[in-house]
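So the sequence lines, in the order shown, correspond to chains P and R.
Note that my numbering gives residue 384 to position 382 of the first sequence, counting from 1, and the numbers run on in steps of one.
Note that my numbering gives residue 672 to position 136 of the second sequence, counting from 1, and the numbers run on in steps of one.
The set of hints was computed from the structure by calculation and includes no laboratory data.
If you're wondering where the values come from, they're calculated on a predicted model, not measured in any experiment.
Glycine included, C-beta positions come from ideal geometry on N, C-alpha and C.
Hints may be right or wrong, so weigh each one.
[Unchecked claim] 20 Å max Cα-Cα, derived SDA-like pairs, lysine to any residue:
hint	chain 1	residue 1	chain 2	residue 2
1	R	LYS677	P	TRP49
2	R	LYS562	P	GLY215
3	R	LYS543	P	ARG378
4	R	LYS543	P	GLU42
5	P	LYS86	P	GLY216
6	R	LYS677	P	SER373
7	R	LYS543	P	GLY227
8	R	LYS687	P	PHE45
9	P	LYS293	R	LEU544
10	R	LYS562	P	LYS148
11	P	LYS24	R	GLY692
12	R	LYS687	P	LYS293
13	R	LYS687	P	VAL35
14	R	LYS687	P	LYS343
15	P	LYS191	P	LEU137
16	R	LYS562	P	ARG378
17	R	LYS687	P	LYS86
18	R	LYS538	P	ASN300
19	P	LYS293	R	LYS677
20	P	LYS312	R	GLY561
21	R	LYS584	P	GLU375
22	R	LYS538	P	LYS24
23	P	LYS293	R	LEU545
24	R	LYS677	P	PHE45
25	R	LYS562	P	MET296
26	P	LYS343	P	GLU390
27	P	LYS293	R	GLU565
28	R	LYS687	P	GLU42
29	R	LYS543	P	ILE282
30	P	LYS312	R	GLU565
31	P	LYS293	P	ILE282
32	R	LYS562	P	GLU297
33	R	LYS562	P	ASN349
34	R	LYS538	P	LYS312
35	R	LYS543	P	LYS343
36	P	LYS148	P	GLN159
[What the hints assert, rightly or not] A partial selection of chain P residues facing chain R, derived with a Cβ cut-off under 10 Å:
hint	residue
37	ASP44
38	THR245
39	ARG303
40	ARG378
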Amino acid sequence: MIDYSKVLNPTVTEIKPSGIRKFFDIAATMDDVISLGVGEPDFQTPWSIRKAGIDSLQSGRTKYTSNGGIIELRREVSRYLNRKYNIEYEPEKEILITVGGSEAIDACVRAVVSAGDEVIIPQPSYVCYEPITALAGGVPVIIETKAEDGFKLTAEQLRAAITPKTKLLILPYPCNPTGAIMEKEDLEKIAEVLRDTNIIVLSDEIYSELTFGGKPHVSIASVDGMWERTVTVNGFSKSFSMTGWRLGFACGPRDIMSQITKIHQFAIMCAPTTSQFAAIEALKNCDEDVKNMMEEYNQRRRLMVSGFNKIGLVCREPKGAFYAFPSIESTGMSSEEFCEKLLYTKNVAVVPGTAFGKGGEGFIRASYCYSVEHIREAIRRIGEFVKEI
Amino acid sequence: MKNELLKLLSRNARYTVEELADMMGKSEEDVKNEMKALEKEGIIRGYKAVIDWEKLDAAYVSAIVELNVVPKADLGFEEVARRIMAFHEVESVYLMSGVYDLNVVVKGKTLQDVARFVARELATIDSVTSTTTHFVMRRYKEMDVELCPEKIDDRGQFWL
């Protein structure tokens, strides 16, 4: 009998599995669970995008594309980033089409981080950054962003976390799960700290289209002195409701991009061909669809935030992504306790804030990528739960 | 605010004033006033539930009747349209471009009821020169609401 513990890479086996695995499992066995737990849009991929994908299959476009991605798509990405966020990337050498933003993040970390390098990760944030850093041999350095700062990363916190070993800063804004965004002034303060260093920024902007309250997204690469040290990651999953299509992109200075492309070339070959053709259509013709989705998200956002505040769970207004992050401090329970009891007594599933970092204690994450009726019912039940405590 | 309110109400006329106010980021007072104004101006004409009668075993048949009409000198199709509109069996009346003039949706308890109505009340109108009746076999989508099948959310419960 093989002893598998001797055969597997300890770096991998030591990575802790997602803390809320048990919730997945319990909820899956229950009937009639109203969930506010998912992190993907409920909207269908706009028809014209699906049609472009179907057409490409019917015309037999089923072969590998060039490693970097279909050049027409890279040109559209370049145009898109320019007109939306005022950043310039040359299509051939500075843009790479990847398998979702996920691959872009992983390949970037692998290209930049060597064994022992420190990677600064603000939390609460998406759960992949720590494990991906560990897999690359890096050392995660967590910064606990604070509710009173609106969960933004501050220059003071950044300065205090930088050591001679710091190689990379991961900047995930708009942020899952807090819904926080970094505005121009916030990014300028971060830029001030980084300009004279050799620290690279991995800016995960996957929720860039989802910003509300009249605050358009600002890419840190557009701030003075930051373009040369930033890898901008974005994709199609959230903006265009294309989660299953697995398509994203990484952009940056060519010296960095050529190395990221090298990893991509050996590990992936190319992103899915069908998805690439569909994405060209998305960038060319779907502004209207995106606008309509954003309008609906915005209505739901307002409804959810107001709903939580009305039932006594203080919820600051999230300005980005599609999550509300209300505080459950008033109940005196821990996040996990709250979520477990809520699931068992009211069949409502929300994600404990601790799933995203220690700083998430005392919070829960609720997604508003659900219909108004669904959100309304979920909040009603949570309201009952809070009253009965 | 007008357009956003109209979009929301056409999606679901049962949103409460509180919900509408929350979703639009406006006060309940503003929402109430805007709704009243839109009703007064005749922009909002009614609030109706979309019902799948077939699920009830209730007697419900509807037909689309295409009418050809000789228009009156000064009034055009107005007079006929208004006369047809007045029947409670008539659900909708549209003036159409193309091969025929008026599209009338008629509802009744049975096929015979509808056929009788068309023969007695519509075909007999002076200026109506012909009627063609098409019975609705199955309703798939009405007023932007899908009647069948049910939408499945295949996203599961959680995702990080």
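Hint check:
no.: 1; hint: R:LYS677 to P:TRP49; verdict: holds, 18 Å
no.: 2; hint: R:LYS562 to P:GLY215; verdict: holds, 13 Å
no.: 3; hint: R:LYS543 to P:ARG378; verdict: holds, 19 Å
no.: 4; hint: R:LYS543 to P:GLU42; verdict: violated, 24 Å
no.: 5; hint: P:LYS86 to P:GLY216; verdict: holds, 14 Å
no.: 6; hint: R:LYS677 to P:SER373; verdict: holds, 19 Å
no.: 7; hint: R:LYS543 to P:GLY227; verdict: violated, 44 Å
no.: 8; hint: R:LYS687 to P:PHE45; verdict: holds, 12 Å
no.: 9; hint: P:LYS293 to R:LEU544; verdict: holds, 15 Å
no.: 10; hint: R:LYS562 to P:LYS148; verdict: violated, 29 Å
no.: 11; hint: P:LYS24 to R:GLY692; verdict: holds, 14 Å
no.: 12; hint: R:LYS687 to P:LYS293; verdict: violated, 23 Å
no.: 13; hint: R:LYS687 to P:VAL35; verdict: holds, 16 Å
no.: 14; hint: R:LYS687 to P:LYS343; verdict: violated, 29 Å
no.: 15; hint: P:LYS191 to P:LEU137; verdict: violated, 30 Å
no.: 16; hint: R:LYS562 to P:ARG378; verdict: holds, 18 Å
no.: 17; hint: R:LYS687 to P:LYS86; verdict: violated, 34 Å
no.: 18; hint: R:LYS538 to P:ASN300; verdict: holds, 16 Å
no.: 19; hint: P:LYS293 to R:LYS677; verdict: violated, 25 Å
no.: 20; hint: P:LYS312 to R:GLY561; verdict: holds, 14 Å
no.: 21; hint: R:LYS584 to P:GLU375; verdict: holds, 18 Å
no.: 22; hint: R:LYS538 to P:LYS24; verdict: violated, 46 Å
no.: 23; hint: P:LYS293 to R:LEU545; verdict: holds, 19 Å
no.: 24; hint: R:LYS677 to P:PHE45; verdict: holds, 18 Å
no.: 25; hint: R:LYS562 to P:MET296; verdict: holds, 18 Å
no.: 26; hint: P:LYS343 to P:GLU390; verdict: holds, 11 Å
no.: 27; hint: P:LYS293 to R:GLU565; verdict: violated, 28 Å
no.: 28; hint: R:LYS687 to P:GLU42; verdict: holds, 17 Å
no.: 29; hint: R:LYS543 to P:ILE282; verdict: violated, 30 Å
no.: 30; hint: P:LYS312 to R:GLU565; verdict: holds, 18 Å
no.: 31; hint: P:LYS293 to P:ILE282; verdict: holds, 18 Å
no.: 32; hint: R:LYS562 to P:GLU297; verdict: holds, 15 Å
no.: 33; hint: R:LYS562 to P:ASN349; verdict: violated, 32 Å
no.: 34; hint: R:LYS538 to P:LYS312; verdict: violated, 26 Å
no.: 35; hint: R:LYS543 to P:LYS343; verdict: violated, 38 Å
no.: 36; hint: P:LYS148 to P:GLN159; verdict: holds, 10 Å
no.: 37; hint: ASP44; verdict: holds, 7 Å
no.: 38; hint: THR245; verdict: holds, 9 Å
no.: 39; hint: ARG303; verdict: holds, 9 Å
no.: 40; hint: ARG378; verdict: holds, 7 Å
Hint violations for this structure: numbers 4, 7, 10, 12, 14, 15, 17, 19, 22, 27, 29, 33, 34, 35, all remaining hints satisfied.
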